[in-house]
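Here the protein sequences come in this chain order: A and B.
Heads up, the first sequence is in my numbering, so the first residue is 5 and it goes up one at a time.
Heads up, the second sequence is in my numbering, so the first residue is 23 and it goes up one at a time.
Hints listed in this document are in silico derivations from the structure and should not be mistaken for laboratory results.
Just so we're clear, the structure is a prediction, and the values are computed from it rather than from any experiment.
Treat the hints with care, as some may be off.
Said to hold, decoys possible - Far from chain B, by Cβ distances over 10 Å, these chain A residues were calculated:
#1 V30
#2 L39
#3 A47
#4 W48
#5 L49
#6 K52
#7 G114
#8 N116
#9 A117
#10 F124
#11 F132
#12 T169
#13 S175
#14 Q239
#15 E242
Stated by the list, open to error - Pair ranges (Cβ atoms, derived):
#16 F292(B) - D164(A): 48 to 56 Å
#17 T272(B) - V86(A): 52 to 60 Å
#18 L135(B) - G12(A): 21 to 29 Å
#19 S35(B) - C45(A): 54 to 62 Å
#20 L161(A) - S103(B): 48 to 56 Å
#21 Q46(B) - G12(A): 40 to 48 Å
#22 F292(B) - T144(A): 26 to 34 Å
#23 V86(A) - I299(B): 14 to 22 Å
Positions of the beta carbon are idealized from the N, C-alpha and C atoms, including for glycine.
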Amino acid sequence: MRIAGLTGVDVALDIAGAGSRSYAFVIDWHVRLLLALAWFCGAWLLIKLIGLTLSPLEASSRLLARVAVAPALGIYLFYHPVLEVLMRGRTPGKRRAGVRIVTRNGGTPGLNALLIRNLFRLVDSLPFFYVVGLASCFITEQRVRIGDLAAGTLLVLDSDAAAKTLAQLGSMVAHSGLAPALVELIHDLLERWTSLETGKRDELARSILARLDSAAPAAQLAALSDAELSQRLHQLLETGRIDRA
Amino acid sequence: MNAGSPASAWMKSRSRVWSEWLAQAQSPARELDVEAAQRHIERYRALARDLATARRLLPGSRATAALEALYVGAHAGIDRSARNTGSTLLRLLRDDIPAIIVSLRPTILWLGLLLFASAGAGWWLISTYPDLIALVASEKMIDGVEHGRLWTEGMLNIAPASILSVRILSNNIVVSLFAFCAGIFLGLGAFYITAVNGLMLGAMFAFTHQFGIDGELLKFVLAHGPVELSVVCIAGAAGTALGESLIRPTAPTRRESFQQAASRMARVLFACALLLIGCGLIEGFISPAPTVSLAARAMIGVGYWLFMLLLLSGRVFARHSKPRSLPG
């Protein structure tokens, strides 16, 4: 989905699908359950430790309800609205899943929108396990649940790595003197180094090194080990030179 | 593309700035002062320039993608409403909610009528077919009433008033929220919840009437009932407006119409929740207390209902205009 920036430069928002949404929800569900349980167990232990169980059973059960059960329920029920407001459209689960809530203009949603979005969980969670919400995600063009439709919000992919990638690429181009496209290629290859098959990554590394250093004998390149190839590519990005020694 | 290309030269020239942005991104400030906010806006402008340049010099590259992601993040940081909770709350209670209530007035009255009609239907149903009470009341409640005991008797012996209040008010708030949200089913959900509430009320009165304890039930509901039932009608009316926004959209698309209606109508729920907190406290502390007389309950019920009218008409937080003295 494209949005118009305030400077006239428009930009595309990557809408998160049902997978990212569910992943974030599952993480958040575990976090809030653990927090609520931790509070409950902590309060229960505290009541035990300070010996209040010696008082009549009725009084201790009342205290347990007030100090342990009610706050634990509060944590469980208000986790989403409170954290989304405080973290401006994010929760720990959303952060982990790399998603964020934004308005349809790409802005940060306000309190009203976030509360409406959470209010409609009552409908989205019907009849069980968010069936209505998931169905809505599959049907709607922007893959939103009913709460998002009501609040005018979207769940978009959000990466904290953008600034780091940009700074790295800029620095590599500046230090190596290599062409930006080549820097990106080497950067990509090194980033995916461990996930690629050894034979494939070595082949790619050799072809890049051969293109940059046409004087290098093919036999010498073929003799380089996997670790040496990786080391040469790193050296290339840092200094822009290949040290054959 | 060679190393001496404009793209290389440009990336080299921006490398230091991008490193600064990385440092800023890693330690974002929660609250910005004016100078920091201006720097933030400058950074946003610089990002827009860099993005435009990157799209021209390095189309489809990772640098361009990273700049786009940064630009989206900076845009979200700038495009957000100011936080001014106090004045927003005051405006909501003084201006917004009364205006919405005025627009909802006919629907609220119709839903009130539906509630009473359903209560009448419930009364008739249980008076004619007493066995059907099993559909609306639990076995324990039925057994108690058959022995001349209301289920509300001794409520305070089971749970303390504070716990009872929280349980009641949270249940009532959920019912109201659901009456609103159910409006998405073209308004029918809101009708259903209002009608079911009325039906149950009429049925319970008819059932207790058969055993001569309907006066006790009336005594119990008198203090909190008027506001509680009114709030169900108000939340239902707001839900009906949601349904109407889908049936008869007032914006170019049904989605926009629904969004506008939800954003506007949800404000009423804030007042509903406040009123239901009061109802919960009355229902937990006053309604089950045998020492409170009928007259006192009636006064509390009527008084709280009048307070509700004042709150919903914005008079509780109305501006007190002082006569201005002329200069000179």
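Subject >> Distance rule for G114(A), whose beta carbon must clear each one in chain B by more than 10 Å >> reply: Given that some Cβ of chain B is not farther than 10 Å from that of G114(A), nearest at about 4 Å, it is violated.
Original post:
Between V86(A) and I299(B), does the C-beta distance stay in 14 to 22 Å?
Top reply: Given range 14 to 22 Å: holds, Cβ gap about 18 Å.
**OP:** Hey, is S175(A) genuinely clear of chain B, shortest beta carbon separation above 10 Å?
**Re:** violated, 5 Å
Subject >> Range agreement (Cβ of G12(A) with Cβ of Q46(B), hint 40 to 48 Å) >> reply: With Cβ atoms ~23 Å apart, the hint is violated.
**OP:** Look at the Cβ atoms of F292(B) and T144(A) and judge whether their distance stays inside 26 to 34 Å.
**Re:** Roughly 28 Å apart at Cβ, these two residues keep to the hinted range, so it holds.
Subject >> Assertion that V30(A) lies farther than 10 Å from chain B (Cβ) >> reply: At roughly 23 Å from the nearest Cβ of chain B, V30(A) sits farther out than 10 Å, so the non-interface label holds.
Original post:
Minimum Cβ separation between T169(A) and chain B greater than 10 Å?
Top reply: violated, 4 Å
Original post:
When you look at the beta carbon of A117(A), is every beta carbon of chain B farther off than 10 Å?
Top reply: violated, 7 Å
Original post:
L161(A) and S103(B), beta-carbon distance inside 48 to 56 Å?
Top reply: Cβ of L161(A) to Cβ of S103(B): about 23 Å, so the range 48 to 56 Å is violated.
Original post:
Would you say W48(A) is clear of chain B, with no C-beta pair closer than or equal to 10 Å?
Top reply: holds, 17 Å
**OP:** Check the non-interface label on N116(A): least C-beta distance to chain B beyond 10 Å or not.
**Re:** Violated: least Cβ distance 6 Å, not greater than 10 Å.
Original post:
Should the label of Q239(A) as a non-interface residue stand, given a Cβ cut-off of 10 Å to chain B?
Top reply: Non-interface label stands for Q239(A): nearest chain B Cβ at 16 Å, farther than 10 Å.
Hints 7, 8, 9, 10, 12, 13, 16, 17, 18, 20, 21 from the list above are not met by this structure, while the remaining hints are.
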